[in-house]
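With the hints as constraints, model all of the structure from the sequences given.
Numbering (our numbering), first residue to last: 63 to 350.
Where hints are given, some of them may not hold.
Taking lysine-lysine pairs in the DSS-like style, the calculated list, with each CA pair at most 27 angstroms apart, reads [stated by the list, open to error]: (1) 118 to 234; (2) 68 to 197; (3) 212 to 197; (4) 198 to 212; (5) 68 to 212; (6) 318 to 282.
Quick list of simulated restraints, FRET-style, between CB atoms [what the hints assert, rightly or not]: (7) 263 to 318: 35 to 41 angstroms; (8) 263 to 89: 35 to 41 angstroms; (9) 249 to 223: 18 to 24 angstroms; (10) 198 to 223: 29 to 35 angstroms; (11) 329 to 288: 20 to 26 angstroms; (12) 281 to 314: 35 to 41 angstroms; (13) 277 to 308: 19 to 25 angstroms; (14) 309 to 123: 36 to 42 angstroms.
No wet-lab data here; the hints were simulated from the structure.
As the structure is a computational prediction, the values presented were derived from the model and not from experiment.
Think of the CB as a built atom: it goes at the ideal place given N, C-alpha and C, for glycine as much as any other residue.
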Amino acid sequence: MTEKVKTARLSIISNSSLIVIKLLAGLISGSVSIISEAIHSGMDLLAAIIAFFSVKMSDIPPDREHPYGHGKFENVSGVVEAVLIFIAAGWIIYEAVHKMIAPGPIENIGIGAAVMAVSAIVNFLVSRRLYQVAKKTDSIALEADALHLKTDVYTSVGVAVGLSLLWITGWKLLDPLVAIAVALMIIRESYLLLRNAFSPLLDSSLSEEETNIIHEVIQKRGFSFHHLRTRKSGRYRFADLHLELPENMILTEVHKICDEIEVEIERRINDIDIEIHAEPMESQQIIS
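This is how it looks when you write it as structure tokens:
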């Protein structure tokens, strides 16, 4: 089992536990903000399950039907997670508005605040681990899962503060207002996640930093090139270009130069597959 899969499984375990304690605390206290947090954790759990299977699928080697690999499974999972988060936010706002119209009793505020504090600590630790592995493996699925939990940290702290103020002031309207604030943060989270996950599905280019590395590697050898195309699929990167070389250069030398360029680019950019098409310099193409 890879490090990515193990980390995704950790997220499933932590979210399952938090759903149970949040739901119990919400039902005992009657707090809509705590119940909204249980819903949020439910979406986190679903996202963690999706991430778990997507990281397993994305690591499947290329095959005849998928010659570029299965990396985009992670991007698809990120888009699905973003949609689920948005739906959860709408549900929370609906419940909060209903609570504002017909407020009910809120009891055992101390228990609710304690549960939120525990939730914030657990999610902080798990999200930090997810971010570490996501950065190490360049996994958009784990990054999305980490973003879920990071937002959950903020919302749990917000609910705990709201419940504490409710206990001090006795103003019951604070509970649904905090729930709505939680929902708005979740909507922002879903937008950021959707933007990051959806872009590679359209075969957008690699980052400016990565394309600059390709330029640098080739230009320092004194060669010109054109028709550079790049894209990303999960953590895998792909690039192809036309390299201009003297027309009288022998084939073995052309092959050697292309190999050296590819090796250096692959050394400086992780998980990149680069293809170079050599053509005679007399084409006089402008450098890309």
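Go ahead and decide if the range 19 to 25 angstroms is satisfied by the Cβ distance of residue 277 to residue 308. 20 angstroms, holds
Taking 29 to 35 angstroms as the stated bounds, is the beta-carbon spacing between residue 198 and residue 223 within them? Cβ of residue 198 to Cβ of residue 223: about 34 angstroms, so the range 29 to 35 angstroms holds.
Given a hinted range of 35 to 41 angstroms, is it respected by the beta-carbon distance of residue 263 and residue 89? Roughly 40 angstroms apart at Cβ, these two residues keep to the hinted range, so it holds.
Quick check on a hinted range of 20 to 26 angstroms for residue 329 and residue 288, using CB atoms only. With a Cβ separation near 23 angstroms, residue 329 and residue 288 satisfy 20 to 26 angstroms, so the hint holds.
Residue 281 paired with residue 314, Cβ distance criterion 35 to 41 angstroms: 23 angstroms, violated
For a C-alpha distance cap of 27 angstroms, please report whether residue 68 and residue 197 respect it. 15 angstroms, holds
Assuming the hint says 18 to 24 angstroms, is it satisfied by the Cβ distance from residue 249 to residue 223 or not? 20 angstroms, holds
Is it true that the C-beta distance of residue 263 to residue 318 lies inside 35 to 41 angstroms, as the hint says? Holds - the Cβ-Cβ distance for residue 263 and residue 318, about 37 angstroms, lies within 35 to 41 angstroms.
Just to be careful, I want the Cα atoms of residue 212 and residue 197 compared with a cutoff of 27 angstroms; is the pair within it? 15 angstroms, holds
Distance restraint between residue 118 and residue 234, which requires alpha-carbon spacing of 27 angstroms or less: Status violated; Cα separation ~46 angstroms.
Holds or violated: residue 198 with residue 212, Cα cutoff 27 angstroms? Distance ~18 angstroms between residue 198 and residue 212 Cα, so the pair holds.
Tell me if the beta carbons of residue 309 and residue 123 are separated by a distance inside 36 to 42 angstroms. Holds, at about 38 angstroms.
The structure shown violates the earlier hints numbered 1, 12.
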